[in-house]
Amino acid sequence: MLHKTRGIVLSYFRYRETSIIVRVYTEEFGLQSYLVNGVRSAKSKTNRIAFFQPLTLLDMVVYYKPDKDLHRLSEVKINYPFQHIPFDIAKSSLALFVSEMLTKTLKEEASNLTLYHFLEDSVRYLEEAEADYENFHIAFLLKLAFFLGFGPSNAREFEGQLQEQKYPFLPDENTEKALNTFLRQRLGAPVKVSRQTRAELLDALVAFYRIHIDSLGEIKSLAVLREVLS
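Using numbering that gives the first Met the number 0, read the sequence shown as starting at 0 and increasing by one per residue.
A hint or two may mislead.
[To be verified] Derived DSS-like pairs: lysine-lysine, alpha-carbon spacing no greater than 25 Å straight-line:
#, residue 1, residue 2
1, K219, K103
2, K142, K103
3, K191, K176
Calculated directly from the structure, the hints in this document are not laboratory data.
Input sequences plus hints: build the corresponding full structure.
Structure representation (structure tokens):
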């Protein structure tokens with residue numbers, strides 16, 4: 000049966016010679032996988048692979064059956080064309096990191112409108128921000144943790160959970176203040192932190208996620224992000 004839904008591309012992998020399987024977090028059905036045939040073919044008349052880059056916002060008409068793990072697309076178009084993310088090294092690195100974290104953490108195959116709208120608003124913020132978005136990934140991961148069921152209520156709780164696992168995170172007063180601002184204020188609220196503090200917070204956040212998600216594994220985009228933001 001055909002359904003209309005919006006979606007956010009998380010990742011894709013190659014399937015056979017010319018096809019891909021793409022993971023999309025959809026507005027109507029939560030996390031879904033779609034087989035897209037011929038997208039990598041030299042005979043393809045359009046560069047449809049561009050539709051499936053990290054965090055691309057899509058309008059889709061999809062075939063959906065509740066008992067299937069792999070679905071098909073009937074129609075797809077870009078809902079919100081990017082003008083900056085693919086062409087700005089900092090933004091594209093942030094998008095790649097965020098999409099990898101979402102791929103490894105989102106498992107729910109059911110509609111969650113609040114989560115979907117948070118993700119869409121976050122992508123739009125990253126695309127539209129003209130400055131002061133270097134802390135985007137820090138604030139995003141702290142807020143995403145609440146949707147995943149393990150968001151800390153304040154900096155002290157965050158610090159305490161890490162220390163219980165013997166992770167060496169000892170923030171000073173300014174870092175604690177920054178953490179509390181990230182937790183309580185809107186995404187994009189201005190927070191002044193040094194590059195070193197930002198790097199320490201990023202490593203602590205990945206460790207925090209590993210406490211709660213055993214299957215997190217290696218975050219391949221992390222090294223690139225560290226290099227770009229250093």
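>> Between the alpha carbons of K142 and K103, is the straight-line distance 25 Å or under?
In response: 16 Å, holds
>> K219 and K103 were given as a pair; does the straight-line alpha-carbon distance stay at or below 25 Å?
In response: Cα-Cα ~11 Å, so holds.
> Is K191 within 25 Å of K176, Cα to Cα?
Replying inline: Distance ~10 Å between K191 and K176 Cα, so the pair holds.
The structure agrees with every numbered hint stated previously.
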